[in-house]
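Enquirer: With the hints as constraints, model all of the structure from the sequences given.
Protein chains: 2
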Amino acid sequence: MEYKHILPGDIEKTSMSIIEGELAEMGIKIDESIRPVMYRVIHTSADFDYVKNLRITDGAVEAVVEKLRTGGLTFITDTNMALSGINKSALSKTGNSACCYMAEPDIAVAAKERGTTRAAVSMERGLAEYPEGIFVSGNAPTALITISEMIRQGHKPSMVIGVPVGFVNVVESKEELLQVCEEFGIPAIIALGRKGGSNVAASICNALLYMASDGVDPDKRY
Amino acid sequence: MEYKHILPGDIEKTSMSIIEGELAEMGIKIDESIRPVMYRVIHTSADFDYVKNLRITDGAVEAVVEKLRTGGLTFITDTNMALSGINKSALSKTGNSACCYMAEPDIAVAAKERGTTRAAVSMERGLAEYPEGIFVSGNAPTALITISEMIRQGHKPSMVIGVPVGFVNVVESKEELLQVCEEFGIPAIIALGRKGGSNVAASICNALLYMASDGVDPDKRY
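Here the protein sequences line up with chains A and B, keeping their order. Our numbering numbers the first residue of the first sequence as 1 and each following residue consecutively. Our numbering numbers the first residue of the second sequence as 1 and each following residue consecutively.
Quick caveat, the hints were computed from the structure, so don't treat them as lab data. Certain hints may be false.
What the hints assert, rightly or not - Think about it this way: if two alpha-carbon atoms lie no more than 16 Å apart in a straight line, the pair counts; the simulated EDC-like pairs of lysine to aspartate or glutamate are:
hint	chain 1	residue 1	chain 2	residue 2
1	A	K52	A	E22
2	A	K112	B	D10
3	B	K4	A	E175
4	B	K88	B	D214
5	A	K156	A	E124
6	B	K88	A	E104
7	B	K4	A	E172
8	B	K156	B	E183
9	A	K88	B	E104
10	B	K112	B	E124
11	A	K4	B	E172
12	A	K4	B	E175
13	B	K156	B	E132
14	B	K112	A	D10
15	A	K156	A	E183
Expert: Written as structure tokens, this is what we have:
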């Protein structure tokens, strides 16, 4: 078998060039302001459908990257898998943090008592503890439904990353979230349709962190 | 917005029915022996491309599920993200375990000294410590290249799950692995083409564990 001989640190750069080349062949040019996010999502999924599906509200990337540069923000995820995929070096370098409440015992208790999901309770906890956090869902539409309701009630997170994957209430919850974020001026990155996932969620967080940190040792990204 | 009112525990069942229904509409029937794996991969990705891409060597699922039922097997992953996505309740219920060496400092040192990747060194370490392990790659083609070489040298892991995603050496490393596994009779589940990822890798591990454990509390799956 013939492999390309590329140093580990150059694989990502080569991948991004391939993505750029194939987009150009399709006659697609991604606006510079959102390019690192779009390319990283395609890099993570090998799925060019995201060019059509991924919606980024006006100025969202610039606004949140500026805040991440200042530091002190927290990403609140709806799976430990997404949390695990967020680059810890980039978080530390930029002075930001990330957490996930899903595995905490009191979250399970509260969800059971109220007949709702742990993801919904986790997002409520996150909005209470980090009102200006970045809320990240790669899994649970109920996380998005909760965030949409809380934005309508006046909450103002710094950003919502809404990319759950699936077949039940996923499409609807993402459409509603996009509408709510546009109405209330909340920066949002949302993958319309069924596709998404914890890997896509983490890749968006990382793209934003890399933009804010202006380059992190690529060997530390996984 | 109108949502389907479905109890959290029933969402997965409903999703699987939707997947089955859409496959039937496409005139596709998945063989019963591999159905839980295929459905779970589609459930995790919302991507029906896997019907064409996912290759499972003859009898692979039956063989590994039988071993997982006995217990004592270890999944060795090439990302902490895939490790994080493997259901810990199902591991514990079946008496199996999972590990990832990627973040261990001596792995980074060895990779740097030898000019290779941490994933390659991790797989070598895994094959040394768990010769009958299940080797899981959702990220690094170099992990697969290493495993292919070691199988040629006589190693006999219980299974290789080869589903890295990406644009450089990914397609080639998966094709070679499939060829090697078929030649040496090693059970394998491989997503040909560019697509895959840590989420897909974890979903395959979980499908096998659920088959071995005959049902795990669905609330504990994420």
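Enquirer: With reference to the structure, classify each hint as holding or not holding.
Expert: Each hint tested on the structure:
1. For the given pair, A/K52 sits about 15 Å from A/E22 by alpha-carbon distance, which is consistent with the 16 Å threshold.
2. Of the pairs offered as hints, the one joining A/K112 and B/D10 holds, with about 15 Å between alpha carbons and a cut-off of 16 Å not exceeded.
3. In summary, the hint linking B/K4 to A/E175 is supported, as the alpha carbons are separated by about 15 Å, within the 16 Å threshold.
4. The hinted pair formed by B/K88 and B/D214 meets the criterion: a straight-line CA distance of about 15 Å does not exceed 16 Å.
5. Proximity of A/K156 to A/E124 is assessed by CA-CA distance (about 13 Å); at most 16 Å being required, the pair is judged to hold.
6. At most 16 Å may separate the alpha-carbon atoms for a hinted pair to count; B/K88 and A/E104 meet this at roughly 15 Å.
7. A threshold of 16 Å between alpha carbons decides the hint, and for B/K4 with A/E172 the separation of about 10 Å falls inside it, so the pair holds.
8. With a C-alpha separation of about 12 Å, the suggested pair B/K156 and B/E183 falls inside the 16 Å cut-off, and the hint holds.
9. With a C-alpha separation of about 14 Å, the suggested pair A/K88 and B/E104 falls inside the 16 Å cut-off, and the hint holds.
10. Of the supplied pair hints, the one linking B/K112 and B/E124 holds, its CA atoms being roughly 15 Å apart against a limit of 16 Å.
11. Restraint check: the Cα-Cα separation between A/K4 and B/E172 comes to about 10 Å, which is no more than 16 Å; the hinted pair holds.
12. In summary, the hint linking A/K4 to B/E175 is supported, as the alpha carbons are separated by about 15 Å, within the 16 Å threshold.
13. Between the alpha carbons of B/K156 and B/E132 the distance comes to roughly 6 Å, so the proposed pair stays at or under 16 Å and holds.
14. Restraint check for B/K112 and A/D10: satisfied, since their Cα atoms lie roughly 15 Å apart, inside the 16 Å limit.
15. Distance hint between A/K156 and A/E183 is fulfilled; the C-alpha atoms sit about 12 Å from each other, no more than 16 Å.
Hint violations for this structure: none, all hints satisfied.
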